[in-house]
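Using the sequences plus the hints, can you model the full thing?
Going down the list, the protein sequences come from chains S and F.
With my numbering, letter number 356 in the first sequence gets 356, and the count goes up by one each step, no holes.
Take any residue in the second sequence, count from 1 to its spot, add 1000: that is its number in my numbering.
Please keep in mind that the hints were generated in silico from the structure rather than gathered at the bench.
Treat the hints loosely; a few may be bogus.
Label pairs and their computed distance ranges (CB to CB) [claimed, not checked]:
1) 1281(F) with 135(S): 27 to 37 angstroms
2) 317(S) with 1362(F): 17 to 27 angstroms
3) 47(S) with 1541(F): 47 to 57 angstroms
4) 47(S) with 1475(F): 42 to 52 angstroms
5) 140(S) with 1016(F): 49 to 59 angstroms
6) 1354(F) with 324(S): 39 to 49 angstroms
7) 301(S) with 1203(F): 23 to 33 angstroms
8) 228(S) with 1282(F): 27 to 37 angstroms
9) 317(S) with 1367(F): 22 to 32 angstroms
10) 312(S) with 1281(F): 45 to 55 angstroms
11) 1471(F) with 317(S): 58 to 68 angstroms
12) 1282(F) with 135(S): 44 to 54 angstroms
13) 312(S) with 1282(F): 22 to 32 angstroms
14) 135(S) with 1079(F): 48 to 58 angstroms
All figures in this text were calculated on a predicted structure; none of them were measured in a lab.
Glycine residues also receive a C-beta, built at the ideal position from the N, C-alpha and C atoms.
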Amino acid sequence: MMISQFFVLSQRGDNIVFRDYRAEVPKGSTETFFRKVKFWKEDGNAEAPPIFNVDGVNYFHVKVVGLYFVATTRVNVSPSLVLELLQRIARVIKDYLGVLNEDSFRKNFVLVYELLDEVIDFGYVQTTSTEVLKSYIFNEPIVVSPARLQPIDPAAIFTQGAKRMPGTAVTKSVVANDPGGRRREEIFVDIIEKISVTFSSSGYILTSEIDGTIQMKSYLSGNPEIRLALNEDLNIGRGGRSVYDYRSSSGSGVILDDCNFHESVRLDSFDSDRTLSLVPPDGEFPVMNYRMTQEFKPPFHVNTLIEEAGRLKAEVIIKIRAEFPSDIIANTITVQMPLPNYTSRASFELEPGAAGQRTDFKESNKMLEWNLKKVISQRKQGQSA
Amino acid sequence: MTIGIDVSSVFGEMVMCSATSDIVLKKMCYLYVGNYAKGNPDLSLLTINFLQRDCKDEDPMIRGLALRSLCSLRVPNLVEYLVGPLGSGLKDNNSYVRTIAVTGVLKLYHISPSTCIDADFPATLKSLMLHDSDAQVVANCLSALQEIWSLEASHSEEACREKESLLSKPVIYYFLNRIKEFNEWAQCLILELAVKYVPSDSNDIFDIMNLLEDRLQHANGAVVLATVKVFLQLTLSMTDVHQQVYERIKSPLLTLVSSGSPEQSYAILSHLHLLVVRAPFIFAADYKHFYCQYNEPSYVKKLKLEMLTAVANESNTYEIVTELCEYAANVDIAIARESIRAVGKIALQQYDVNAIVDRLLQFLEMEKDYVTAETLVLVKDLLRKYPQWSHDCISVVGGISSKNIQEPKAKAALIWMLGEYAQDMSDAPYVLENLIENWEEEHSAEVRLHLLTAAMKCFFKRAPETQKALGTALAAGIADFHQDVHDRALFYYRVLQYDVHVAERVVSPPKQAVSVFADTQSSEIKDRVFDEFNSLSVIYQKPSYMFTDKEHRGPFEFSDEVGNISITPEASSDIVPAQQYEANDKDLLLGIDEKDENKGVSNNNGSAYTAPSLESSSNITSQMQELAISGPATSATTPQSFGFDDLFGLGLSTAPAPTPSPPLLKLNARAALDPGAFQQKWRQLPISLTQECSVNPQGIAALTVPQSLIKHMQSHSIHCIASGGQSPNFKFFFFAQKESEPSNYLTECIINTSSAKAQIKVKADEQSTCQAFTTVFETALSKFVSLTFDFVSLCY
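Following this line, the structure appears as structure tokens:
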């Protein structure tokens, strides 16, 4: 149940924060960890798994905005508990600092240590709720101006796996007061969906799945109760049957395969009128996660055509078609395509008249990127490389 | 923390500074003191004074912080100053201070156990745990007590009892009924405790499951997994409910996989992987969830591929293989290789082989080195299992130029096929000849071994064409610096000299198709990993003793989990106590089948096909491996610690047939052991001996029901505690006790009536007399015949 050390390393392996709770792990664990992660060679994998063991010490890490959050222990603990905890520590620190990066860490290290002392005592987790922590924490965060941040690439959300959208709310500290001393009563509710669709080469949909989160970030004072009404025709599939059976039985309405809720959510009236009631704790938290495999119309259609143009050259034509109503506009879209390791060069040709589009070949991870600022419905966009 | 600058020189000034009333400043001082006190034990004495004063401050925050800093100093000679503030901290009316005091007690215990015990802190913690109104205080008490009593239990009986009392029904229900008051982390703690609780009856089980059902909808994966573990362990003895549990937990786990960061999904997926491998049929319809997405990290993809192979069955093989074939062209080469291997594994599972073989052969036409290499290895394995496909495969394989293959494994596979199917491949001798000519450039010993064997096989089929090449190969082989290559070449040479026909029988006997490839992980290890569900064991896919040292084994160190061998308490002791156990019969039978296969074909990929004579030696090695594995496993839990070498020595001594006659062992005829104790011991003790002996066929004939053997063994003071199985495999658990002292011998005996063989595994309290007991046991078993003979004759 307990962890021995917690530390945060920068991408270059610099020690940003380090706390030893139980003094069981020999010195130098940060270097051991970093070397292992950077030069991971085992079983042909390029990436180190989030959990590994070196000389009886178990290292857990999660990557959050390029920083390594690491915990070590000698005990055979529950892996998901530690990984969940690391993720949660990152979230708490972000709630306080507003922005997570090396700079904000360094400027606020006393506050971060103060937080770490309250979150974990002697290796045992005490609390990770920003709400509870607020009464124990006395340092004021030094806010790093979000303007100095690089804009977060929306595509990075999915490649990082985290489901967080950039918005004005996200970079504001939960505890710090706005300059001018006034505090705005605000609550942000984001619905973030990750839609995975596989198209066959002829354009048919092979698999489709939606993983969604309703995320809240509350700046409300006095903890009022909030009610969140969902679609009334929402159904939740109950165990037993295969999720793929629903296709035949589905009439109208949205059918979720399964969902889970944050611990503050009360489900008293959920069965009757699909309403969630909750007293939102301070900070950012997911209200509900859900998953569905019901058939739906994907927002985009992707068409590709690959032609080998000679021995060492291939031509790819990518077309995407937006399929949503014309009053909706999609912003900041990125199309990525992994290329073989031996690709040395890529050239692009955009459709004539394409504005606000950018193409790029990322040498380091052999990735072809195509950024579109805006996509209005029913327009086909073409690109060849 | 100070950007690497050592600021310990200002320690004195900092101590002065901490007299401030500003809490922010004070906290910084505490932080400083906590960091540097260990390096300055003399100076820390200074801090004690003000920390003690702060422990009496009006502000509970300051009281708490001071107490925490005081306990975190980790300076042994200052412990006397801790007891007073801790005592009052535990009685403080503010819950924040109490929470810190409870953890403080644990810190004190780690600095000086005797001070902690002498102050009677554990008892105080216990009453706090049962009566405090604050959930976090209660949770900290629980974790502190668990740690203290686990460490104490090794030398104090009282601590042992106290530790057991945590698992009593009232305590467990006290926690479970209030579980919603605790935060998510404390919930995990409680659930981990509940796993070890042994419910009294099935109502008890259902009560707990009802209490915890809604925990499965929690957004925190750790809570859900801990709940899943409780459910799985509770229902182990109820097969049908156990199945329902699988159904129930499937959906929440799949949601968790897709809702967290890749790291979190990895942890959840590893657990799903374990469940999928255990019960593939339950997940067979959900195979699409295991399809890989292009942006997933490779460690997630790898798990998913393994799960896809596990769930493949008649109905979904086609789709899965189609999907896997897409991955084979993946830009990520490691994943592409993995997926080809996955296709091969599915083919070996016997579903829809026809289509898969076609697919594999298409891979060969893709003309990518790594695809070809992986595929060749698979085709070789497939041919061993399905010789009927040789015609199709060989025609394609024959078209591959050996020059394009560099990887040793693939090269070895190709060479094996050249040797095996020399008569079907017109240019086989010439290809081999070419390869042999480049003997010097061949760096892999494995390839050279295969070359030798292939040359031999080819020679038996097409002697005139191969003779020259074989001569070159043998000459080169005998001159080889690698010991194995040299030995094999010499052996072939001498066998050929002796008699060509004998050589042919040795090197190239008529082969039977392999029906089942041996599983690499023994089922015992798999069961152990399952027992340690929701721990790192699942991630590493090995039990905890293989990667942790004994003092850090955590919750599994002293736990007596309910294992896979479910023994129900016996009702009457007069009648032969033989219980049937149903849930595991299948497992058991499978286990034996695998072992038989193992003996027959040998699981060694490399040299095995050509050297059936190795059989017995590989058997010995496997025995030794078993011993070696079980050795460190349980040595931590046995009271008498014995060296690893000892164990190994024992293992070796079983191998040669003539053993020195051991001293006679007297067994207690009225020995008694209750099933629970047996189970616990069986888990704790290492396997002292594994042996195989044959049973007289006449005895086998009498063994139509297990009772006959049980009665017989009882007459030799060896008592049966459980038995099961049906013809041809019977499994018995026996125990015996020494006449004079309460030293137990536990035995697992698996009798296969068709092969008339018995496999015996002995575990003993006392290692020294183990051999003697085994002899007694075997003698008793061998006498089974005559007795039943009498028995039979009496009947007529």
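Evaluated hints:
1. 1281(F) with 135(S): 27 to 37 angstroms: Violated - the Cβ-Cβ distance for residue 1281(F) and residue 135(S), about 51 angstroms, lies outside 27 to 37 angstroms.
2. 317(S) with 1362(F): 17 to 27 angstroms: 26 angstroms, holds
3. 47(S) with 1541(F): 47 to 57 angstroms: 18 angstroms, violated
4. 47(S) with 1475(F): 42 to 52 angstroms: About 48 angstroms separates the Cβ atoms of residue 47(S) and residue 1475(F), which means 42 to 52 angstroms holds.
5. 140(S) with 1016(F): 49 to 59 angstroms: 25 angstroms, violated
6. 1354(F) with 324(S): 39 to 49 angstroms: This hint holds: roughly 44 angstroms between Cβ atoms.
7. 301(S) with 1203(F): 23 to 33 angstroms: Given about 56 angstroms between the Cβ atoms, the range is violated.
8. 228(S) with 1282(F): 27 to 37 angstroms: 34 angstroms, holds
9. 317(S) with 1367(F): 22 to 32 angstroms: Holds, since residue 317(S) and residue 1367(F) (Cβ atoms, about 25 angstroms apart) stay within the stated range.
10. 312(S) with 1281(F): 45 to 55 angstroms: Distance hint for residue 312(S), residue 1281(F) holds at roughly 48 angstroms.
11. 1471(F) with 317(S): 58 to 68 angstroms: 60 angstroms, holds
12. 1282(F) with 135(S): 44 to 54 angstroms: The hinted range 44 to 54 angstroms holds for residue 1282(F) and residue 135(S), with Cβ atoms some 46 angstroms apart.
13. 312(S) with 1282(F): 22 to 32 angstroms: Cβ of residue 312(S) to Cβ of residue 1282(F): about 49 angstroms, so the range 22 to 32 angstroms is violated.
14. 135(S) with 1079(F): 48 to 58 angstroms: 31 angstroms, violated
Comparing the model with each earlier hint shows violations of hints 1, 3, 5, 7, 13 and 14; every other hint is respected.
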